[in-house]
Amino acid sequence: MISALGLDFGRKRIGVAGCDGTGLIATGITTIERTSFEQDVEQLRQLVNQRQVQVLVIGLPYSMDGSLGFQAHQVQKFAKRLAKALQLPVEYVDERLTSFQAEQLLKAENRSPSRHKALIDRKAAALILQQWLDARRAQSHKSAIAAEY
Numbered sequence: 001m002i003s004a005l006g007l008d009f010g011r012k013r014i015g016v017a018g019c020d021g022t023g024l025i026a027t028g029i030t031t032i033e034r035t036s037f038e039q040d041v042e043q044l045r046q047l048v049n050q051r052q053v054q055v056l057v058i059g060l061p062y063s064m065d066g067s068l069g070f071q072a073h074q075v076q077k078f079a080k081r082l083a084k085a086l087q088l089p090v091e092y093v094d095e096r097l098t099s100f101q102a103e104q105l106l107k108a109e110n111r112s113p114s115r116h117k118a119l120i121d122r123k124a125a126a127l128i129l130q131q132w133l134d135a136r137r138a139q140s141h142k143s144a145i146a147a148e149y
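All residue numbers for the sequence shown refer to full-length UniProt numbering, where the first residue is 1 and numbers rise by one.
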């Protein structure tokens, strides 16, 4: 099994999600209010150590046309520094609609998205990580089937 941390990176906050022991279900853990790179890393390092994380899964905000814009490049720059600081590999997931989906989930719970920004970031991180877990599972299922033939 693999222990991964899902991150929804933003200018003000980083939503953080983790997965259960089976690697099937992602859940939001916390939201880090960003201050400095060093403090962001320190807070993430504590989670990485507690959860024995082996990989960071970071949402990459592609433009709707599939290209990488300014924000995506900022995320990649942060991710590279973070990977080096924590000495962990990084994998990216297309996060185009995760914040929107997270807002829809809140609305379904009759909560105001504008008053629950930190919760949206956490939910978005969980959606990012869930997408990665599902893709991994689908890939290993395909590999298992291919191995049979």
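Do not take every clue at face value.
For lysine-lysine, the following DSS-like pairs were computed, each having C-alpha atoms within a straight-line distance of at most 30 Å [said to hold, decoys possible]:
(1) Lys-142 with Lys-117
(2) Lys-12 with Lys-142
(3) Lys-80 with Lys-12
(4) Lys-117 with Lys-12
(5) Lys-84 with Lys-107
To be clear, the hints were calculated from the coordinates, so they are not data collected in a lab.
Hints versus structure:
no. : hint                 : result
1   : Lys-142 with Lys-117 : violated (37 Å)
2   : Lys-12 with Lys-142  : violated (39 Å)
3   : Lys-80 with Lys-12   : holds (19 Å)
4   : Lys-117 with Lys-12  : holds (10 Å)
5   : Lys-84 with Lys-107  : violated (38 Å)
In the structure shown, a violation is registered for the earlier hints numbered 1, 2 and 5, in ascending order.
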